[in-house]
Amino acid sequence: MMSEPIVCFPTCLVDLVGRRLADDVNTVLGAVGFSPIVASGATCCGQPAFNAGHHAQARRVARRTLRRLGDTEGPIVVPSGSCTAMMRRHWVELFHGDRDEILAAAVAKRVREFSEVVDERRRRLSAFEPRLNAVAGYHDSCHMLRELGIIDQPRRLLGYVDGLEVRPLASGERCCGFGGAFSLRYPEVSVAMADDKLADVRESGVDLLVSSDPGCLMQLGSRADRRGDPLRVLHVASVLAEAGVGR
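According to the working numbering, the stretch in the sequence shown is residues 1 to 247, in order.
Keep in mind the hints are simulated off the structure, nothing from the lab. The structure displayed is predicted, hence computed values, not measured ones. Hints may contain errors.
[What the hints assert, rightly or not] Cβ pair distances, simulated, as ranges: (1) R124 <-> H54: 38 to 44 Å; (2) R247 <-> E93: 20 to 26 Å; (3) R131 <-> G53: 19 to 25 Å; (4) E129 <-> L184: 30 to 36 Å; (5) A192 <-> G163: 30 to 36 Å.
Heads up, the beta-carbon is just placed ideally off N, CA and C, and yes, glycines get one too.
Could you put together the complete structure from these sequences and hints?
Shown next as structure tokens:
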């Protein structure tokens, strides 16, 4: 069976701090029949500047990525709920009245979040007999939950992993406190929110926390490390890859 080409935008955060995650994303996409193509020169979606109200700066940053993605064809998969929301929902607003307005609207329609794409081919996961012995909880990121409405897809993917018990979290919908620039502007509040989240996670009795947003993973993972908490924090793609999908 021939693989179907798919454009992958790894995002700046994954590119900077999550090389393993990028590899896991490509591995899982390959396992379900895609041939990932990384868009050369695509860097940042402009979300940090956009959220801070600096729209001119956000356009300048996002324009490079927009045009690089505009040179490609087919669906664009993004392993980040927040970046997916920015590109799919807010690029049209950001580039309204701009010379790239039409291009932004066209590219936005092609953007898909990672778990959406893999979920459509989830039955192919069974061929790898994925297995991982752990008790996990899934953290819904704010953008995935509230802007994209992607709730069931990542959970269905985790359901294909034998040995993985997925428990509901006491604070499944609570923000982790990252929020991009929010964590830099209000570090004390950000840390307190992360600590509250981690306390609820521990009350749920899980030893593995899963999410689909690298920002949340970085926030909660680094805070757990600082507290000496052995909790593992992984992207859904990394869970699937570690369980043997694509291996």
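Structure-based check of each hint:
1. With their beta carbons about 42 Å apart, R124 and H54 fall inside the hinted range of 38 to 44 Å.
2. A beta carbon spacing of about 41 Å between R247 and E93 contradicts the range 20 to 26 Å that was offered as a hint.
3. Between R131 and G53 the CB atoms are about 47 Å apart, so this pair departs from the stated range of 19 to 25 Å.
4. Taken as a hint, the range 30 to 36 Å is violated for the pair E129 and L184, whose Cβ atoms sit roughly 43 Å apart.
5. About 34 Å separates the C-beta atoms of A192 and G163, a value consistent with the hinted range of 30 to 36 Å.
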